[in-house]
Amino acid sequence: MIRNLRELWQYRALLWNLTQRELKARYRGSALGFLWTFVNPLLLMAVYGLVFGIIQRSNIPHYTYFIFVGLLPWLWFSTSVGSGASTISDRRDLLTKVRFPAQVLPTTVVATNLVNYLLSLPLMVGLGGLVGIWPDVHALAFPVVLLVQLVFTLGVTFVISALNVRFRDLQHIVANVLTLWFFVTPVLYVPNAVPEPYRRLYLIANPMAVITTSYQGIFYEHRWPHPRGLAVVALGSVVLLAIAARVFERRREEFAELV
Amino acid sequence: MSTTNAIVLTGVSKSFRKSTIRREHTTLKSELVRWLKRQKRPEAPSSIIPALRNVSLSVPRGRTFGLVGRNGSGKSTLLKLVTGIYTPTSGTVEVHGRISALLELGAGFHPDFSGRENIFVNGIILGMSRREIRGRMEEIIEFSELGDFIDEPVRTYSSGMYARLAFAVATHVDPEILLIDEILSVGDEHFGRKSAAKMEEFRKAGKTILLVTHDLGTLQRRCDQAAWLDAGELKVSGNPVDVVAAYRAAVAEAEVAGLEQHVPRAAVPVQPRSGPPAEPGRRWGSFAAELSGVEIRGRDGPQHVFSADAPFRLLARYRRYGAVEAPQLELSLRTDGGTLVWSTTEKLPDSEAATLTLEMPRLGLGDGNYLVDLSLGNAGGAVYDVHRGLHGFAVRAQDSSGLLAPVHRWSIEPTAG
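Chains as they are written, first to last, in our numbering: chain E, 1 to 259; chain X, 1 to 417.
For reference, chain X alone in the conformation it holds in the complex:
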């Protein structure tokens, strides 16, 4: 039965026309010119951009539902669909209950009017009646902590005061369903706590809350359920802890991919003679010998996100083309901030080719992003092939911080005091 759910989305898709997104408007003049020239509208189907793809979601009544995702993943579009500002291209959106959306603070505020006057218009826009606003006026003013400023024009307010007033109005609407788009971080710490308390009050009063946030802590602390949107698709939905874990892993993965974005990974071809093209600042050398097919692996295969305790392997292929004397490989591990963590040098055999493997049974690094630099050369100063900033991985460890995660054990025994 749908009555147990406050919001139900069934197979919702939403697309925008590219011209809409670029905010290109036709003019009568150009339409007229086109008509005179008897041209067709240049509207290819490729100019449709999907913002949400087949999203199904239900928010149970009285629950707090969190929505995470990167910028542009469709979170705000989803909120606007629920509010009714947009209608879905396909699928259905059902909302059961009076809804109040805090998509933007201070919608309709007029700078020349006093705080008190703006409370009226803003409140009406948010769905309150005049009588309701009059009844709650003092409460709203008190919550905003603006004091005598309430009768000054809004343009004289600081941005913090503006946000406080707007939030005060918005939270006094008394909706059954509240939509919030990452605005809990307004104002100073004191007001932030107050806002959080107000949200808690909503929760306790059994209201349904749909919250969009980047703050994973908030999500885990405050939400009963969560969903993760990525590129308009619903990736994971369910328990906030699971959703956050999945989201974290994906973000780390993406960060590593960002670190390595210039690498044609595992695709540096073995070219006789000429060697691969040098990339200034990232890859250089005489290429008399070459490192290729560098790959970072975990226990089961290529991996880029590790826990501190995970096994780590690095694989590379070595090949010699020209005259090479006593080759050696220097490996350096850096943080993405540039701090050297570890460096080691290994002599290579005098053969045409070799497969190199570095193994660490336990990685033992702290939370962060890391880069592996490789330098093929010799003690005499020859430089054959240098890879700098081309290979990276991330460590995600939530229970500790710092660079190192050494093997450790606590033993704590109570003693008679």
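Bound conformation, chain E alone:
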């Protein structure tokens, strides 16, 4: 894993340039340009707010803001994994012609979506301000949660993108699994809504549930993230990333030959 990360560091210029380019490419030639960063989550929020806040009448106060806090990091995760799945298998042009560490490609996807997430944070804060919830001292824990999610997202994206080189239908499976995953992650509801006997299992089995509730704790409830839960997820994420790095190490040659 160390070698894997060191290579990433060596190629940070490439990573940075590809990320920049990815961001620019996303908005180049579109009328709204950069504003698309906000439009997509806002629309989603509006849809969910309408369905669950007004039609289903959720009793969570400031429901739309609550959704937004959990939705943004979820979008970072799901978009990274979803579009990261095919990132290696699609870049035949690069992998078969130039020698460079393949892990740059999934990392670029994760980094691009991270930037998107960070850019939409001011919008979230503004929205909270509208309902009178401003970030307080608990925001100090934000970088920690962010880092945990980064490691977890990188790990998942690495594994999926590496496996997708051999199993090309994985990307379609992943797309469906992500939809399911979204609904078992407490973005639209609070974990307490899960029946008691399953609640523990629910939080243990789904790292994104722990991460999401941590964000909601920081920005919505003004409390510190559950330290033990977060530590477990952090540890698990590091292990996952280490495994992913090994998978990359082993399959490196296969990439050039198989893509």
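Source of the hints: derived by calculation from the structure; they are not laboratory data. There may be inaccurate statements among the hints.
[Said to hold, decoys possible] Some, not all, of what chain X presents toward chain E, calculated at C-beta under 10 angstroms:
(1) Phe16
(2) Glu31
(3) Trp35
(4) Arg130
(5) Val236
[Stated by the list, open to error] Covered stretches of chain X, going by a simulated chain E footprint (3 or more residues, C-beta under 8 angstroms):
(6) 73-85
(7) 91-104
(8) 112-119
(9) 122-128
[What the hints assert, rightly or not] So these bits of chain X aren't anywhere near chain E, every CB distance computed over 10 angstroms:
(10) Ala107
(11) Gly108
(12) Arg136
(13) Ser158
(14) Val244
(15) Ser351
(16) Asn369
(17) Asn378
From the three backbone atoms N, C-alpha and C, an ideal C-beta is built for every residue, glycine too.
We have chain E already, so just place chain X on it with the hints.
Just chain X now, kept in the frame of chain E:
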């Protein structure tokens, strides 16, 4: 000591799985179905395809090394092994020095971005640092001769402009070892010359160059050493002139074999009565008499590639089965383009069988591929056995062109002016 060599390959073999080459990918679904049915993976050892077999090669530091071979002979695989994109199945690849590979122009170019922006990503991919790129930016733009187009999106470029930009970036990487895969022919003639000059500059600067090319002229002019790969094996390695000669001879041989690919050469059996099966357009007749065992020979035996001055012989067996009246053999020599070069008719004896030999002490033909057509019949219009396009040979003469190579002599005497 390995330090005198920039690249050393020792007993390198590389094989690919057939499924890899056909780009067949497993799916989770099919794996799952197989697992449920408890079947084994259908992976026979025969599905391994060797691309390189036991190749040993060393490229001395500061030299230009050329690699020739037909398509699919393993040249590109070898370059990719040196680059590190592939790793050898067995054997070792050692590279001493910073390497830059021009395997494909414009790796990582994004059509929506300007030339200038693409120089950055492409340069980084090729191994330059941001600072290096910034420092050489103007130089690269100037070399590409794109002018104001440099700030336009790459998708608006013509293919020539695209190639020029890509080549400009690639040659400004400043590597110690440069790998080039037949890309010197990009762009127009002017740019081609510029590229060649840039390569010459690399050579003079003492860089090691490994070049894959089909252009034998380039190979002879620019390379200090050369090697010829055929079907993954190293055939000849050494002086470019020798390598090119060996390669030329083999290609000519292959061309002739291509001309005659339908011939069961020397194997047309002598069958009483029925005769050999007719091949529409290539062999036909009543087969009341038959020509068999047609063979083209040089001085020492069967030969298919001749020099203009070489002796030439054609052998055939004649046999009569039915009623044949005043048989005669017409022989025509054509170029592979169809132009008749020479035709002659010879009367045959009234015997059961005969051996026929045509001898030419000096062939006297120019560079090209030729076909010998034989027609066994008689003046009355009977057709017994016609061979068309079945027998061929090639002439390789580098110092002249045209159909004929007559015996000639120059005498040039200086006179007082």
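Quick rundown of the hints versus the structure:
A cut of 10 angstroms between beta carbons decides the hint on X:Phe16: the least distance to chain E is about 6 angstroms, and the hint holds. Hint on X:Glu31 holds. Least Cβ distance to chain E is approximately 7 angstroms, under the 10 angstroms limit. For X:Trp35, the shortest C-beta to C-beta distance to chain E is roughly 13 angstroms, which exceeds 10 angstroms, and the interface hint is violated. With a least beta-carbon distance of about 5 angstroms to chain E, the hint placing X:Arg130 at the interface is held under the 10 angstroms criterion.
Restraint check, X:Val236 versus chain E: the minimum CB separation of about 28 angstroms is more than 10 angstroms; hint violated. Check result for the segment 73-85 of chain X against chain E: holds, 4 residues qualifying (beta carbon to beta carbon below 8 angstroms, three or more required). For the segment 91-104 of chain X, the stated coverage by chain E holds: 3 residues have a C-beta nearer than 8 angstroms to a C-beta of that chain, and at least 3 were required. With a cut-off of 8 angstroms between beta carbons, the segment 112-119 of chain X has 3 residues touching chain E; three or more are needed, and the interface restraint holds.
Proximity of the segment 122-128 of chain X to chain E, defined as three or more residues with a beta carbon under 8 angstroms from a beta carbon of that chain, is established by the 3 residues found. At the 10 angstroms boundary, the C-beta of X:Ala107 falls inside the reach of chain E, the nearest C-beta of that chain being 5 angstroms off. A beta-carbon of chain E is positioned within 10 angstroms of the beta-carbon of X:Gly108; the least distance is around 6 angstroms. Distance check on X:Arg136: its Cβ is at least 15 angstroms (rounded) from any Cβ of chain E, clearing the 10 angstroms threshold; non-interface status holds.
Every beta carbon of chain E lies more than 10 angstroms from that of X:Ser158, the smallest distance being close to 20 angstroms; the non-interface claim holds. The Cβ of X:Val244 lies farther than 10 angstroms from every Cβ of chain E, with a closest approach of about 28 angstroms, so its non-interface assignment holds. With 10 angstroms as the threshold on Cβ separation, the claim that X:Ser351 sits away from chain E holds: the shortest Cβ distance comes to roughly 65 angstroms. The non-interface label for X:Asn369 is consistent with chain E: the shortest C-beta to C-beta separation is roughly 36 angstroms, beyond 10 angstroms.
At roughly 63 angstroms, the least C-beta separation between X:Asn378 and chain E is larger than 10 angstroms, which holds for a residue marked as non-interface.
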